[in-house]
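> The chain contents come next:
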Amino acid sequence: MSPDLTPDDYMTVAAARALRDGDVLFVGIGLPSTAANLARRTHAPGLVLIYESGCIGSKPTTLPLSIGDGELAVTADSVVSVPEIFNYWLQPGRIEVGFLGAAQIDRYANINTTVIGGDYDKPKVRLPGAGGAPEIAALCGEVIVIVRQNARTFREKVDFVTSVGYGDGPGSRERLGLPGKGPVKVITDLGVLEPDPDTCELTMTQLHQGVDIEQAREATGWELKVADEIGTTEAPSDEELSALRDLLDTQKAAA
Amino acid sequence: MAELLSLSEAVAGVINDGDSVAFEGFTHLIPFAAAQEVIRQRRRDLTVIRLTPDVIFDQLIGAGCVRKLVFSWGGNPGVGSLHRFRDAVENGWPAPLELEEHSHAGMANRFAAGASNLPFAVLRGYVGTDLPERTPSIKPIECPFTGEQLTAVEALNPDVGVIHAQRADREGNVQLWGIVGVQKETVLASTRSLVTVEEIVDELEPLPGAIVLPHWTVTCVAEAPHGAHPSYAQGYYDRDNAAYRAWDPISRERERFEQWLEEEIFATEGASA
Chain A
35 MSPDLTPDDY
45 MTVAAARALR
55 DGDVLFVGIG
65 LPSTAANLAR
75 RTHAPGLVLI
85 YESGCIGSKP
95 TTLPLSIGDG
105 ELAVTADSVV
115 SVPEIFNYWL
125 QPGRIEVGFL
135 GAAQIDRYAN
145 INTTVIGGDY
155 DKPKVRLPGA
165 GGAPEIAALC
175 GEVIVIVRQN
185 ARTFREKVDF
195 VTSVGYGDGP
205 GSRERLGLPG
215 KGPVKVITDL
225 GVLEPDPDTC
235 ELTMTQLHQG
245 VDIEQAREAT
255 GWELKVADEI
265 GTTEAPSDEE
275 LSALRDLLDT
285 QKAAA
Chain B
72 MAELLSLSEA
82 VAGVINDGDS
92 VAFEGFTHLI
102 PFAAAQEVIR
112 QRRRDLTVIR
122 LTPDVIFDQL
132 IGAGCVRKLV
142 FSWGGNPGVG
152 SLHRFRDAVE
162 NGWPAPLELE
172 EHSHAGMANR
182 FAAGASNLPF
192 AVLRGYVGTD
202 LPERTPSIKP
212 IECPFTGEQL
222 TAVEALNPDV
232 GVIHAQRADR
242 EGNVQLWGIV
252 GVQKETVLAS
262 TRSLVTVEEI
272 VDELEPLPGA
282 IVLPHWTVTC
292 VAEAPHGAHP
302 SYAQGYYDRD
312 NAAYRAWDPI
322 SRERERFEQW
332 LEEEIFATEG
342 ASA
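Just so you know, the protein sequences line up as chains A and B, in that order.
So the first sequence is numbered by the numbering used here: it starts at 35 and just counts up by one.
So the second sequence is numbered by the numbering used here: it starts at 72 and just counts up by one.
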């Protein structure tokens with residue numbers, strides 16, 4: 035990895051590349067929003083960004099700090115109410131890709147953003163909670179998770195299921211009646227995991243440049259499955275990097 | 072007709088100890104000035120309701136106004152944790168906090184059901200998550216036409232709905248635009264309502280995409296310029312992202328928070344945040 039490239043840069047660029055031009059995307063704040071806006075400034079200018087604040091087709095020129103910054107509303111094709119964004123837009127499956135983060139994730143890509151440790155009524159750490167995630171995970175055509183990989187986050191079992199990935203494994207989503215395909219990629223600062231087509235278990239299929247598989251194993255709280263042929267993330271191009279720096283500068287300038 | 076009152080008269084008039092109070096505004100138009108007046112008047116035992124508790128509820132919880140929180144996402148957007156909320160849940164300070172936890176889709180539908188005078192709303196949601204086990208206001212329901220399993224969430228009908236809007240006229244007709252969240256549903260679902268506005272004008276100019284709440288749906292209106300700060304009021308001022316970041320160190324320690332409370336809330340009077 036070249037010295038001015040951070041693992042987060044790789045993660046953001048890899049997540050941006052996972053998006054196709056023209057995709058309709060439900061965007062969460064933080065890394066998902068950075069990656070989505072990077073994609074829109076590079077290979078996917080036709081990406082349609084939808085924010086849970088009710089903004090449809092936002093084209094922000096600065097990187098927003100919240101999912102409801104004024105910039106998202108004034109650059110949107112349409113702004114609708116919160117009941118409408120969930121009921122008319124997300125629920126019927128009109129949104130192709132959902133982009134989620136996680137505080138804990140297990141081998142079946144179930145996500146916890148609710149509580150860690152202790153019990154629900156007296157947790158060790160109280161996290162923000164569900165937000166839009168349970169329905170995004172259930173109802174988007176597919177889901178991409180973006181999360182830093184370490185043994186605290188990648189858990190054998192999550193302390194609370196806030197959003198369902200593949201439940202207990204094959205057939206779970208069908209039994210629960212969840213219409214979306216579920217998580218198709220988990221993009222981390224070390225590489226990319228994808229569900230095994232037969233077992234649904236997250237499998238390391240790609241490593242970023244300079245990362246070895248032992249690092250990924252150590253950063254995973256279960257015995258990590260590795261693809262027979264593991265790929266390497268192509269280094270961010272000059273175009274991608276300068277677009278990313280410009281984007282992050284717009285947020286600093288607005289602060 | 073909605074009564075035009077000062078903010079302190081309005082809060083004193085419509086919000087009582089023990090009430091359930093929804094403060095809505097999704098990132099935009101968050102009624103900070105009204106919530107801070109509630110702190111100033113030392114209301115207690117409130118059930119506070121809001122999709123995104125945000126800094127506004129961190130302040131109410133830390134100040135000891137809240138007994139129960141009904142919500143779906145409790146963080147400082149783009150910054151991190153709400154430290155006063157966490158201290159209440161993790162350590163019971165300044166008082167234990169009861170939680171009723173939902174997703175955004177569930178909360179939005181609960182307000183819509185409340186506004187529609189229905190006992191519950193139906194959605195495709197929560198299935199397979201641990202939330203229904205923790206939250207009694209989420210139940211499975213069978214579609215009477217197809218037999219499909221869906222999810223019901225109980226309607227929300229707060230005692231008081233509090234929102235902030237751009238402007239109102241002298242009859243109390245309220246106009247708001249930009250990101251409108253669930254504010255209309257909140258006012259219509261609540262028994263009483265308090266709307267703070269940036270300004271009171273002689274006549275409301277129609278604006279494309281704006282919502283108007285007629286005066287006969289609103290209990291009282293109070294002028295509170297800058298009353299959504301540090302969130303924003305489209306057409307008036309931008310979100311003060313620096314203030315959201317500054318909240319993190321203020322709220323991290325109890326002592327510094329209490330100092331903030333003393334200096335910024337109790338030592339001040341009036342409407343501006």
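Quick caveat, the hints were computed from the structure, so don't treat them as lab data.
Each hint should be verified, as a subset may be incorrect.
[Claimed, not checked] The calculated BS3-like cross-link candidates involving lysine-lysine, where the alpha carbons are at most 25 Å apart (straight line), are:
no., chain 1, residue 1, chain 2, residue 2
1, A, 156, A, 191
2, B, 139, A, 156
3, A, 156, B, 210
4, B, 210, B, 139
5, A, 259, A, 215
6, A, 259, A, 286
7, A, 158, B, 139
8, A, 215, A, 191
9, A, 259, A, 191
[As the list claims (entries may be wrong)] Non-contacting residues of chain B with respect to chain A, defined by C-beta distances greater than 12 Å in every case (computed):
no., residue
10, 135
11, 165
12, 205
13, 219
14, 256
15, 273
16, 304
17, 327
All residues carry an ideal CB built from backbone N, CA and C; glycine is no exception.
> All the hints need checking, so say for each whether the structure fits it.
Status of the hints after comparison with the structure:
no. : hint           : in the structure
1   : 156/A to 191/A : holds, 19 Å
2   : 139/B to 156/A : holds, 15 Å
3   : 156/A to 210/B : holds, 24 Å
4   : 210/B to 139/B : holds, 21 Å
5   : 259/A to 215/A : holds, 21 Å
6   : 259/A to 286/A : violated, 39 Å
7   : 158/A to 139/B : holds, 20 Å
8   : 215/A to 191/A : holds, 21 Å
9   : 259/A to 191/A : holds, 16 Å
10  : 135            : holds, 18 Å
11  : 165            : holds, 16 Å
12  : 205            : violated, 6 Å
13  : 219            : violated, 8 Å
14  : 256            : violated, 6 Å
15  : 273            : holds, 26 Å
16  : 304            : violated, 9 Å
17  : 327            : holds, 20 Å
Of the numbered hints given earlier, the model fails hints 6, 12, 13, 14, 16; all others are met.
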